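Visitor: Sequence lines, in order, name chains A and B.
Just so you know, we're using our numbering here: the first sequence kicks off at 771 and counts up by one.
Just so you know, we're using our numbering here: the second sequence kicks off at 197 and counts up by one.
Simulated from the structure, these hints should not be mistaken for laboratory data.
Some chain A residues near chain B, calculated using beta-carbon distances under 10 Å:
#1 773
#2 803
#3 810
#4 814
#5 815
#6 818
#7 821
#8 861
#9 863
#10 867
#11 869
Only some residues are given here: those of chain A computed to face chain B with a beta carbon under 8 Å:
#12 804
#13 859
#14 874
Only a predicted model underlies this, so the values are computations on that prediction, with no experimental measurement involved.
Beta carbons: idealized from backbone N, C-alpha and C, even for Gly.
So the chains spell out like this:
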Amino acid sequence: QSVLTQPPSVSGAPGQRVTISCTGTTSNIGAGYDVHWYQQLPGTAPKFLIYGNSNRPSGVPDRFSGSKSGTSASLAITGLQAEDEADYYCQSYDSSLSGSIFGTGTKVTVL
Amino acid sequence: EVQLVESGGGLVQPGGSLRLSCAASGFTFSFYWMTWVRQAPGKGLEWVANIKQDGSEKYYVDSVKGRFTISRDNAKNSLYLQMNSLRAEDTAVYYCAREKGWQYYFDYWGQGTLVTVSS
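For reference, chain B alone in the conformation it holds in the complex (with noise of 0.2 Å):
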């Protein structure tokens, strides 16, 4: 079975940093495209960044480019978000999705991790 358990979300002050976590299980994470998606309150889905099965190609939503960096693990099975200079606009529960690369889907998703981003 196809598992995605997210971690690390919490309450950070404007300007802060935070790393998620993905821990992947029940399929070769090696063999996908994996991505971050995030949902703030009330709102609708936004598409964050995606990582290649090897890590050699990321690609970012324009609001996040130069602050957050999508890595990942292949030994681990995991996948990462580093979020830095965090703003209000950026409060949300992030998911991480397995992602059909040349189609561009995401078939399976994590619960989320809420991220605050407060005073």
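Okay, chain A solo, but in the shape it has when bound (with noise of 0.2 Å):
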């Protein structure tokens, strides 16, 4: 099953800048499907945090966007606080699968 690549950590002191990439092939997000990201913190569901590459929903905080350019995608985190410590998914359609799939997750630790 195809899956999208993403780094298994990142760390970073409280206050820096933190990214994350996730990268793709050309029947996801090559293709041009658009790249969504997910925060799961411990023993809670994911929550929805970026959409089409780099759009916020309400209430999430502008410390956190999105890009995407070619087969590849990434969240930066900016101002790194202690409560973004959590495991971090990109998700996009695959047409080869006709269906979603996720990028393999990070762990993102605050020092």
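Combine both chains into one complex, guided by the hints.
Guide: Here it is, written out as structure tokens:
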């Protein structure tokens, strides 16, 4: 089953900026399908974080931003806070699978 | 307030069956695609299946095709997942989520229900 590739972990000190990459293929991100991002705090359900590559739903702090280029996308967290410590997943649609696919997930640690 | 509440999880033997339900409230259920996503213990998220507003289109991840069936009852604002021929690798927390159809993102999630397949 196809997945989107993310780094297993990233870390940063409070106040710093971290980025998470999400690499796909020509049947998903590279085919023009949007990338979306979710935050999952320990023991809880995923939370909708970014949609349409770079849009934030109401209530999501502007410290979170997304971008997409070619077959990849990125999530950036600026002004890192302790409450940002969580797992982050990218997600897109794959035309060869006729369904959605998730990234492998990235654990963000605040040092 | 949008709410999605899953139920029906539990312990089942390999080869057995289970039916998950998801009760929706706070929005017009019949207007939205709906999705099931699962997460094995300590693992990442995996999309399982989705269903169109009127139930006329259904899609599945390869690993569950022929074993799982997604359905909905718009009169009861409910989503279902019938799981047959369960395997150990189906052990996971199953989440229902509201899907933005043509954009393929999931804006609201339930709290999840745990399915354990073990003898």
